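Please model the complete structure; the sequences and the hints are all you need to start from.
2 protein chains.
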Amino acid sequence: MQRYFAKEKINNIFILGKDDLYHITKVMRMKDNDNIEVVYQKKLYLCSLENVTKDIKINIVKELEIELNNNLDITLIIPLLKENKMDLILQKATELGVNKIIPVMMERSIIKLDEEKELKRIERWNRICKEASEQCKRIDIPIVTNVLMLSDLENLEGIKIVCSTSEKRNNIRNCLKKNKMCDKINVVIGPEGGLSKKEEEMLKHLGFESVSLGPRILRVETVPLFILSILNYEYME
Amino acid sequence: MQRYFAKEKINNIFILGKDDLYHITKVMRMKDNDNIEVVYQKKLYLCSLENVTKDIKINIVKELEIELNNNLDITLIIPLLKENKMDLILQKATELGVNKIIPVMMERSIIKLDEEKELKRIERWNRICKEASEQCKRIDIPIVTNVLMLSDLENLEGIKIVCSTSEKRNNIRNCLKKNKMCDKINVVIGPEGGLSKKEEEMLKHLGFESVSLGPRILRVETVPLFILSILNYEYME
Numbered sequence: 001m002q003r004y005f006a007k008e009k010i011n012n013i014f015i016l017g018k019d020d021l022y023h024i025t026k027v028m029r030m031k032d033n034d035n036i037e038v039v040y041q042k043k044l045y046l047c048s049l050e051n052v053t054k055d056i057k058i059n060i061v062k063e064l065e066i067e068l069n070n071n072l073d074i075t076l077i078i079p080l081l082k083e084n085k086m087d088l089i090l091q092k093a094t095e096l097g098v099n100k101i102i103p104v105m106m107e108r109s110i111i112k113l114d115e116e117k118e119l120k121r122i123e124r125w126n127r128i129c130k131e132a133s134e135q136c137k138r139i140d141i142p143i144v145t146n147v148l149m150l151s152d153l154e155n156l157e158g159i160k161i162v163c164s165t166s167e168k169r170n171n172i173r174n175c176l177k178k179n180k181m182c183d184k185i186n187v188v189i190g191p192e193g194g195l196s197k198k199e200e201e202m203l204k205h206l207g208f209e210s211v212s213l214g215p216r217i218l219r220v221e222t223v224p225l226f227i228l229s230i231l232n233y234e235y236m237e
Numbered sequence: 001m002q003r004y005f006a007k008e009k010i011n012n013i014f015i016l017g018k019d020d021l022y023h024i025t026k027v028m029r030m031k032d033n034d035n036i037e038v039v040y041q042k043k044l045y046l047c048s049l050e051n052v053t054k055d056i057k058i059n060i061v062k063e064l065e066i067e068l069n070n071n072l073d074i075t076l077i078i079p080l081l082k083e084n085k086m087d088l089i090l091q092k093a094t095e096l097g098v099n100k101i102i103p104v105m106m107e108r109s110i111i112k113l114d115e116e117k118e119l120k121r122i123e124r125w126n127r128i129c130k131e132a133s134e135q136c137k138r139i140d141i142p143i144v145t146n147v148l149m150l151s152d153l154e155n156l157e158g159i160k161i162v163c164s165t166s167e168k169r170n171n172i173r174n175c176l177k178k179n180k181m182c183d184k185i186n187v188v189i190g191p192e193g194g195l196s197k198k199e200e201e202m203l204k205h206l207g208f209e210s211v212s213l214g215p216r217i218l219r220v221e222t223v224p225l226f227i228l229s230i231l232n233y234e235y236m237e
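Chains Z and P are the protein sequences, given in the same order.
Using the numbering used here, the first residue of the first sequence is number 1, and each one after it goes up by one.
Using the numbering used here, the first residue of the second sequence is number 1, and each one after it goes up by one.
Derived from the structure by calculation, the hints contain no laboratory data.
The structure displayed is predicted, hence computed values, not measured ones.
Misleading hints may appear alongside valid ones.
[To be verified] Derived SDA-like pairs (lysine to any residue); straight-line CA-CA distance at most 20 Å:
| hint | chain 1 | residue 1 | chain 2 | residue 2 |
| --- | --- | --- | --- | --- |
| 1 | Z | 82 | P | 84 |
| 2 | Z | 184 | P | 84 |
| 3 | Z | 168 | P | 65 |
Have a look at this one:
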């Protein structure tokens, strides 16, 4: 069943965004009495449509039970990348359970954004995460923050790791085995060409542990999917 | 350094394919005495270019040492999918160490291929794997076989698993922990809409163990990346 995130709830009726209403009426061509699932404040509802052609109403039929995933809270810290790579990461990372994505301007990022462009991009990135969340039936939507600098990453809670191609001894497997009981993890991924020495040192200073991902050479956009797959696996019950 | 796979070796000279020569001369615009890496019969060589503008010669300078990955031999068995999904899987699976990919016509595959189209596609798929192997510095190229039927999967060696959304008890983590010592693994991934009951039974009959991938709902094209990431992780040294 199609799933949407509601913006508001007024008594027994949900208010959806314009894009979602367009999707329901024009893309899915739903009719009166068709059912959809609606998520609101991390609860899931079965709803039925009324008056689809004119002034659509989304009525709650009942609350549904939710199958909970693991409770690991994952923040990905990624470089600014070309749009198609960024889109792929956001979509797949949402599927694979990321909670927050922090885009960071790194020394070797090729992409630069002015303020106006940045606002538009962030809006677009959050929309991609919302749509991916609907598609993969999440009850929450990952947050994409403003573009930050590495030096802004001072007050993160939980384990902090940075994927480094220059790290030869400590691999991610050792690191996660050592931190079996964590409930919050932050992972920095470098740009094509890697983090600069200065950046690696700054991260070390901020408490990030350097890990290798094994002997393979992965493209930047593959790394987040690799990491998230591993985290899903390691914390699978 | 740019890496290419040679077709032939005659004395101290490598013969590359037309596409590769085009890449060297037109895309990379290399010059005489520039170096490239060439892989031939799973060995790696440092080579230097001679006579680039006219009748290019690729001379061996010396053999290079290879950093070996783990020895797990992985075969992915995937449904026929739309081209962009297929391309993504082939590229990323190559990066993540797949050895063989068997495309299979499944009941709920949307894509149908006639014989002529199939030949062209297989050529294209193998080309994608070759290019991805060069990019991620592999010394071998995954093989994409002809399109098969599930019933053709009779004589596979090693562990056999099928990712199933209907499996609730046995997850992939349990399965891999149980098979720690394996050196060959075959993984079937179903199409959008899943495998049919008949297909699940046929696979069971052929010795495939049914596993769940946890509570997340993943898109078909995400599943191979998820599986391969996990295998890399589980067998990381």
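Out of the numbered hints, which ones does the structure contradict?
Hint 2 alone not satisfied by this model.
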